[in-house]
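All chains, please: the whole structure from these sequences, using the hints.
Number of protein chains: 2
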Amino acid sequence: MIRRKEQMTAIDRPNLRGGDGVIRAYNLLEPQELCGKANLCAIMTVEPGCSIGEHPHGPDAEIYYMLEGTLEAWDDGEKTVLNPGDAMFTAQGKTHAVRNTSDKPAKMLAVVIA
Amino acid sequence: MIRRKEQMTAIDRPNLRGGDGVIRAYNLLEPQELCGKANLCAIMTVEPGCSIGEHPHGPDAEIYYMLEGTLEAWDDGEKTVLNPGDAMFTAQGKTHAVRNTSDKPAKMLAVVIA
Numbered sequence: 001m002i003r004r005k006e007q008m009t010a011i012d013r014p015n016l017r018g019g020d021g022v023i024r025a026y027n028l029l030e031p032q033e034l035c036g037k038a039n040l041c042a043i044m045t046v047e048p049g050c051s052i053g054e055h056p057h058g059p060d061a062e063i064y065y066m067l068e069g070t071l072e073a074w075d076d077g078e079k080t081v082l083n084p085g086d087a088m089f090t091a092q093g094k095t096h097a098v099r100n101t102s103d104k105p106a107k108m109l110a111v112v113i114a
Numbered sequence: 001m002i003r004r005k006e007q008m009t010a011i012d013r014p015n016l017r018g019g020d021g022v023i024r025a026y027n028l029l030e031p032q033e034l035c036g037k038a039n040l041c042a043i044m045t046v047e048p049g050c051s052i053g054e055h056p057h058g059p060d061a062e063i064y065y066m067l068e069g070t071l072e073a074w075d076d077g078e079k080t081v082l083n084p085g086d087a088m089f090t091a092q093g094k095t096h097a098v099r100n101t102s103d104k105p106a107k108m109l110a111v112v113i114a
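Taken in order, these protein sequences are the chains called A and B. For the first sequence, position 4 matches number 4 in this note's numbering, and the numbering has no gaps at all. For the second sequence, position 3 matches number 3 in this note's numbering, and the numbering has no gaps at all.
In case anyone wonders, no lab produced these hints; they're calculated from the structure. Check before you lean on any hint, since a few could be wrong.
Said to hold, decoys possible - Have a look at the derived ranges for each label pair, beta carbon to beta carbon:
1. A/114 <-> B/30: 18 to 28 angstroms
2. A/56 <-> B/78: 32 to 42 angstroms
3. B/104 <-> A/101: 28 to 38 angstroms
4. A/30 <-> B/83: 12 to 22 angstroms
No residue lacks a Cβ here, since even glycine has one placed at the ideal position from N, Cα and C.
Here is the structure:
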């Protein structure tokens with residue numbers, strides 16, 4: 001199945017995982033369209049000052065792929081920075097978090113694999 | 001874990017799934033790093049004239065997310081065009097294929113979920 005960019009609807013997720021501000025998510029595919037393979041497949045827009053709070057994964061796992069902008073990130077507790085083209089994988093039993101401390105929006109693709 | 005854009009190594013895959021030319025894949029994560037959750041997580045570069053031949057999925061499923069350029073695509077046999085920002089999901093039991101009939105390279109993220 002195909003989902004066009006212009007068909008994706010925005011869902012605002014305030015204080016996501018205890019984070020600050022609002023994360024705007026554009027579902028590439030709805031959870032029920034993913035046939036049990038994944039729980040989320042979305043573009044996440046993180047405005048300046050906004051964050052996704054630190055949270056664990058398991059039994060699922062998550063891939064982040066940076067599309068635009070820069071994010072501070074915590075990869076299982078270790079602080080780092082994500083730039084466009086970088087990937088972060090949070091396996092079962094690991095944690096992650098991101099925060100936009102820049103003055104430009106950041107955008108990443110997030111896939112939560114069931 | 002983090003994989004930087006500049007750490008990703010290119011793997012050339014000629015005649016991928018019976019397609020034409022060479023597809024260059026940059027693994028965001030190696031299969032053994034994906035903890036059994038996915039079999040592939042890569043940026044696929046499709047040069048003009050190149051293609052990935054039609055093939056079925058199952059028991060795995062695949063997400064394509066278009067990053068750059070334009071591809072002709074076959075979504076379970078139905079011909080369409082993929083532009084940047086579009087997504088294609090090939091569930092278990094479905095088929096897909098892509099071909100670059102444009103004069104510019106095309107780039108997509110591919111995730112094969114186990």
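So, going through the hints one by one against the coordinates:
1. A/114 <-> B/30: 18 to 28 angstroms: holds (21 angstroms)
2. A/56 <-> B/78: 32 to 42 angstroms: holds (40 angstroms)
3. B/104 <-> A/101: 28 to 38 angstroms: holds (35 angstroms)
4. A/30 <-> B/83: 12 to 22 angstroms: holds (20 angstroms)
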